[in-house]
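**Q** Taken in order, these protein sequences are the chains called A and B.
If you read the first sequence in the numbering used here, its first letter stands for residue 1, the second for the next number, and so on.
If you read the second sequence in the numbering used here, its first letter stands for residue 1001, the second for the next number, and so on.
One thing to keep in mind: the hints can contain errors.
Unchecked claim - Okay, derived cross-link-like pairs now, BS3-like style, lysine-lysine, Cα gap no bigger than 27 Å in a straight line:
1. K1024(B) / K28(A)
2. K1024(B) / K26(A)
3. K22(A) / K1024(B)
Stated by the list, open to error - To be clear about the criterion: a stretch of chain B counts as covered by chain A if any three or more of its residues have a C-beta under 8 Å from a C-beta of chain A, and this derived list gives those stretches:
4. 1022-1032
5. 1066-1078
Rather than coming from a laboratory, the hints here were simulated on the basis of the structure.
Built from N, CA and C at the ideal position, the CB exists for glycine as well.
Each chain, letter by letter, is given below.
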Amino acid sequence: MNANLIEIAYIVAASLFILGIKGLSKPKTAVRGNQLAASGMLVAIVVTLLNNEIVSFEWIIAGAVVGAIVGATLAIKIQMTAMPQLIALLNGFGGGASLAIAAAEFLKSQPAAQGDLAAAAAEAVGAATGVGAGMGTVAMIATGAAVFIGSVTLTGSFVAFAKLQELIDGQPKGFPGMKAVNAILLVGSIIAIGYMTTDPTNTQVFWGIVAAACVMGILLVMPIGGADMPVVIALLNSYSGIAAAAAGFVMGNSALIVTGSLVGASGIILTQIMCVAMNRSLFNVLFGVMAEAG
Amino acid sequence: MDMSIMHLALFVLAVFLGFELITKVPPTLHTPLMSGTNAISGITIVGAILAAGHGGNETMVNVLGFIAVALATINVVGGFMVTNRMLAMFKRK
């Protein structure tokens, strides 16, 4: 399919998402808003499948079948009272998807990781992302951001899910120096991403960033009590949007960038609105010090 | 002009739009709106499809592509269905 037509379809999809979010914020139009957003997603998926860059469908079909069965089962079977933890779980999967996309793109860019045909194809289309000898600076920073935020969203959402589902104790949990550990993990990851722009073929540092972010996601949500969890889920929802936008920069895909940043920004506002409704401070949620505040 | 500059422009404008998009939300719609935007963040399915369908024979890349498609599909299908279920419940009241 013509690349311009794909871009136009992505603009249509983004418009439907905007109308959808707008509709979902008013009681009268909420159902319609959800339908508009879902049709936007359908448009985006269909035109993506028509993209000429896609040459094999077996992995896509396998993933879509597994995902559709699991997703539909969860949505139908879940108790109405268990909604918040289901959203947390789904959100964690969204973050995991961004992580997997960015990791796949990173491995694809590795010189040793290329098959003969794939290498030739990637070379032809991938000049912008520096495919062939590791990633370019912009792509590497975007990849680092996507895997970092995606991993934090993944493990953070799972902890939120486990707390609400009472798989683990819902009480705030922490240890002395937890904030210092988080600060070290954050700063260390930023330094590691910066280092990777100079050495974009260092897979060990790459997986180190993933591991640090996974630990950080757990540590950020552990000190938060069950009652404050909806606000945290709203915040993690915003993170998963930002992770999607970062993945968009990795792939140079406008649909991911626009939609991801829309969700990221509106998610922050929704978090703020929920904080006000629950008498919490957004600053405290952002920096995971709610246990002390509450 | 460089394509990445265009993308940066899109990003900045979309962030501003996202900040302005919702202002007053009644508390009953907090959870459905969160669930709906969560489903929309499943747009990662676009990136996942592109990553999974590149046709290379590198196992690890293909497996990651498969995982990405599966996770994003769960997010999209589960997200929209559950939002719909939640809103249908409000309607009946």
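**Q** All the hints need checking, so say for each whether the structure fits it.
**A** Here's how the hints hold up against the structure:
1. For the given pair, K1024(B) sits about 14 Å from K28(A) by alpha-carbon distance, which is consistent with the 27 Å threshold.
2. A hinted pair counts as satisfied when its Cα atoms are at most 27 Å apart, and K1024(B) with K26(A) qualifies at roughly 9 Å.
3. For a cut-off of 27 Å, the pair hint linking K22(A) to K1024(B) stands: about 11 Å separates their Cα positions.
4. Under a criterion of three residues with beta carbons nearer than 8 Å to beta carbons of chain A, the stated coverage of the stretch 1022-1032 of chain B is upheld, 11 such residues being counted.
5. For the stretch 1066-1078 of chain B, the assignment as covered by chain A holds, since 13 residues bring a beta-carbon within under 8 Å of that chain's beta-carbons and 3 suffice.
Against the hints set out earlier in the document, no violation occurs for any number.
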